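Chains as they are written, first to last, in the numbering used here: chain A, 1 to 144; chain B, 1 to 671; chain C, 1 to 303.
For the record, the hints were derived by calculation from the structure and aren't laboratory data. A quick note: this is a predicted structure, and the numbers were derived from the prediction, not measured. Mixed in with the good hints there might be a few duds.
[Unchecked claim] Calculated pairs, DSSO-like style, for lysine-lysine (alpha carbon to alpha carbon, straight line, at most 27 angstroms):
#1 B/K30 to B/K107
#2 C/K143 to B/K473
#3 B/K469 to C/K247
#4 B/K141 to B/K509
#5 C/K96 to B/K397
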Amino acid sequence: MSDFEPKIVAFVCNWCTYAGADLTGTNRMKYSPRVTIIRFPCTGRIDFMLLLKAFANGADGIIVSGCHPNDYHYSSGNFHARRRWIVFRGLLDFLGIDVRRVQFSWVSAAEGAKWAQLVDATAEQIRQLGPFSGYHKLRGAGVE
Amino acid sequence: MARIGVFICHCGENISATVDVAKVAAAAAKIPGVVHSVDYKYMCSDPGQQMVSSAIKEKNLTGVVVAACSPRMHEPTFRRACAEAGLNPFLCEMANIREHCSWVHEKGEATTNKAIDIVRTLVAKVKKNKALLPIKVPVTKTALVLGGGIAGIQASLDIANSGHKVILVEKEPSIGGHMSQLSETFPTLDCSQCILTPRMVEVAQNPNITLYSYAELESLEGFIGNFKARIRKKARSLDEKLCTGCGLCCQKCPTKKIASDFDAGLGMRPAIYVPFPQAVPNKPVIDREHCTYYLKGKCRLCEKVCPTQAIRFDQADEIVEVEVGAVVMATGFDIKHGDFFPEYGYGNYRDVIDGLQFERMASASGPTLGEMRRPSDGKVPEIVVFIACAGSRDPAKGIEYCSKICCMYTAKHAMLYRHKVHHGKPYVFYMDIRAGGKMYEEFVRRAIEEDGVQYIRGRVSRIYERGGKLIVKGADTLLGARPMEIEADMVVLATAGVANPGAEALAQKVHISYDSHHFYSEAHPKLRPVETNTAGIFLAGACQAPKDIPESVAQASGAAAKVAALFSQDELIREPLIAVVDRQAPPLYSTCVGCFLCQTSCPYQAIEKEEIRGRDGQLIKTVAKVNPGLCQGCGTCVALCRSKSIDIQGFSHEQVYAEVLALLNRGESDV
Amino acid sequence: MKTGFYPGCSMKGSAREYSESLMAVAKVLGRELPEIPDWNCCGATAAHNLDRDLALALPARILAAAEKAGMDEVLVPCAACYSRLSVTRHELLDAKGSEALRARISGLIEAEYRGSAKVVNILEWLAGIGGLEGLIQAPFARKVACYYGCLLVRPAGIVKFDRPEEPQSMDRLMKKIGAEPLDWAFKTECCGAGFSISRNDLVARLSGLILDDAVARGAEAVIVACPMCHLNLDMRRPNIEKRADKKFRIPVLYVTQAIGLALGIAPKKLGLQRHKVTVRFSPAVDKSPAETLPPSGTRPGEA
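Between the sequences and the hints, there should be enough to build the whole structure, so can you do that?
As structure tokens, then:
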């Protein structure tokens, strides 16, 4: 297990977390290279089918991060994301995915350090959970 | 077939120090669809941009990926370069291998591999990008200004003087707002009406301004550049065109004892009235609640005396529809009234008055003609206690904020009192003196040092009446919280400044956000203080928070400048990164099933219902439609759509799924 | 709805007439007020100065006993007891960290405290009784100064039945029975309260100010809802008069006594004869001014 290097996908919003991750870079804070960011306009845009698709295609863990509630570029979209996430969390277990593989967080454009911590904590968590292969058979199914 | 060009930047050594850029370029070249892959020291420099544009032309590229810094930094730069080379700018994407890779990881294979992953992801995305055209929205170059106080007047004049039409709506019979009620203004003590009324006349005479007084906004629909407003002109009960404003009706009206709102209840007015002599427009209104004719069916004395036969008892409210491109909210504020301070006897003892009542008392045109005469018996008050922070900064009263203007006007009141009653004794109870502003602190010092106003730092616990005096019980906290009692003849409360009673309903009508105290919210507390979160609606004056005159005027001019900038273009150009609803050829027309879940989730009310009809006019189906003027491109609707019929340009399903698959499937990325 | 009655010490002693008049009024109104079985001292003014756990445990035990007896609310006529019980209820139910505290206090009193029984004071209870106006036999047509004292409407964050600075609930009750409540200045000022023993000079001064204002405004009676207020304004009257160097001819009535008179209950059943300052009101519509017989010393008419 020690040489296992997880693949983690981060779905982040453009206005807060993407900018927060930019700040981590500007401040040259180091974190695990196992996480790659995909940019969205808003966490409200993130369709949870995408998360399942990512697991099916070899992701071991996922980060979803956007603006803090009430501190938000699009006035209420992240509340929708949060409500959907609460429902989705319940489904994960049913789908056979350990909820600890999905990290939902708020990182603002000023929280560069928080982003680095979030990534490292998630990478460590996933490393302990080991690779996720439960969904690989589903690869290629569904929406493409 | 896609023909993608990949351009990898070293950013001096910022990227190349930890990422093997040559290896990234080589790996990128192998990605199916990539026909051109180079690396260069400074991609954003002129020669770098030149490399991009010449490659577009030479290799006939259908898409560009620049692997460099954050798109928040240089996306506009490279999109412009692409556009100049003839490639649609929305076919260019940036792979962020600096902030998200080279700067945050150690040098090594893993870091280079991550850079390759990022490039591959963006190549997959750009292959699915579509050429997009900027959205153009026409602009109606007329502004709607709501509220005719000093903020509304200033905004209207500034917009009108920049050459645009203005519709000014005021709910009272005259413009002027609270400023027209004031006696003299701090810190210069110049007469409020003397500086305000010329501006009011200017409003009336400016050919670009249409004034609807005694009118209110009924509804507002539409979006930036294209609002439709319905305005209710309340019935004045007279023909404004015929009325000359001679005032004979007001003199003859037999019902004369109605408490005047303009005089803050201290003076009386008839049932047909103009609020004050310098009113604009100077045309009376019949107060139907008090007019004998409306109550009992007879009188009509005003009709008989009117020399131009202008009285119209049967007049009804009128609805006017106007099209405007921008809205300025300048609806002002109110002060706390009523059963708010029982322990101070406010509303119970006639000689406990509020700041606006004091203004009317001190005003040369007020009910006492500027003489200090207390309301109960008309005597000159010998001792007057002024209480600052009456309600403000007091969570127990539900108002945590500082009302901001009271420190200054209380100093002014005490000073004015002293100027009028030379032997009088003014006391001020205060928490802190907040006199930040040009010449403000000096003004307060003047009140204390030259006019002998006695400032006592402490709160008043109770006021009660005994033997014709008001006993003010308080404590002097600078003298060890020593309890003290002052036998006053009159007490003036600087009651908290609050939002207008109708502020919340109006905000909901125009779809702007407001805070828990119903003050309107600015788009950003520091950097966008005159805009609201709704594009095309701006804020001026105390409807946003309590403000004094110079601040209100400055904000009004700011709002006017924003409106003028908006009106300087014939069309608004917006980035086309917005949601679109699927439309296709008959017989399907659209995959949208018309559940309108999107409509409930949209934070901007940007989703409309569209009826698809056949040639015979028969309704085929009702589907969602995105208003491109309102949509801000958050994509909440996209994630919620059950039939996947709504998609967002620039972050489409195709694009994001391609990204996820490309990222995770190393070496088999051509999906 | 079962309402329990918590007498506390004063209703059995110095304020017997408060209890007597309450019971007489309750009977006319058709309300039963069973005493909480095995009640104890509320801790009053002493416990909360000495030991927080004790100050909470004593009222908690009373409330737990009321709950056990199936009572939905507890009527607490004494303002001090009311304050202790209300504060305890707040601390154990609504305040920060109340859950752990409740568990600990339940352990101390060896009974579970759940918080199901509401605590109501006399004004709240009377205001909740409909149809009082219909039972009036002889309107209590007098000018009255409603004196709320310090504890009945405070602290504002916990006691929320009336506004703390200018309360109105007693004024409204007085209007219902035909009295004219006056606007006066000392509604919620301190009477000296717990200094009754240790610093009766203070009590004399503060209570004097209260009576002074009531009399100056033409009040015919001061109406109270607190045994301590009554004690200071009535029983301490000789001290007050001595310090003020004048006589106050104004009686002090419990709110239940005034209502009892309006309901036509005999003065003796309302315990009016127990007052230090003689009350000359009777249920008959009598507009003769209230008078005080020679103040200190004897208690005429006492059984």
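Okay, the hints, checked on the actual structure:
For a cut-off of 27 angstroms, the pair hint linking B/K30 to B/K107 stands: about 23 angstroms separates their Cα positions. The hinted pair formed by C/K143 and B/K473 meets the criterion: a straight-line CA distance of about 25 angstroms does not exceed 27 angstroms. The straight-line distance between the Cα atoms of B/K469 and C/K247 is roughly 25 angstroms, inside the 27 angstroms bound, and the hint therefore holds. Under the criterion of a C-alpha separation no larger than 27 angstroms, the hint pairing B/K141 with B/K509 is consistent with the structure, at around 22 angstroms.
With a C-alpha separation of about 23 angstroms, the suggested pairing of C/K96 with B/K397 holds against the 27 angstroms cut-off.
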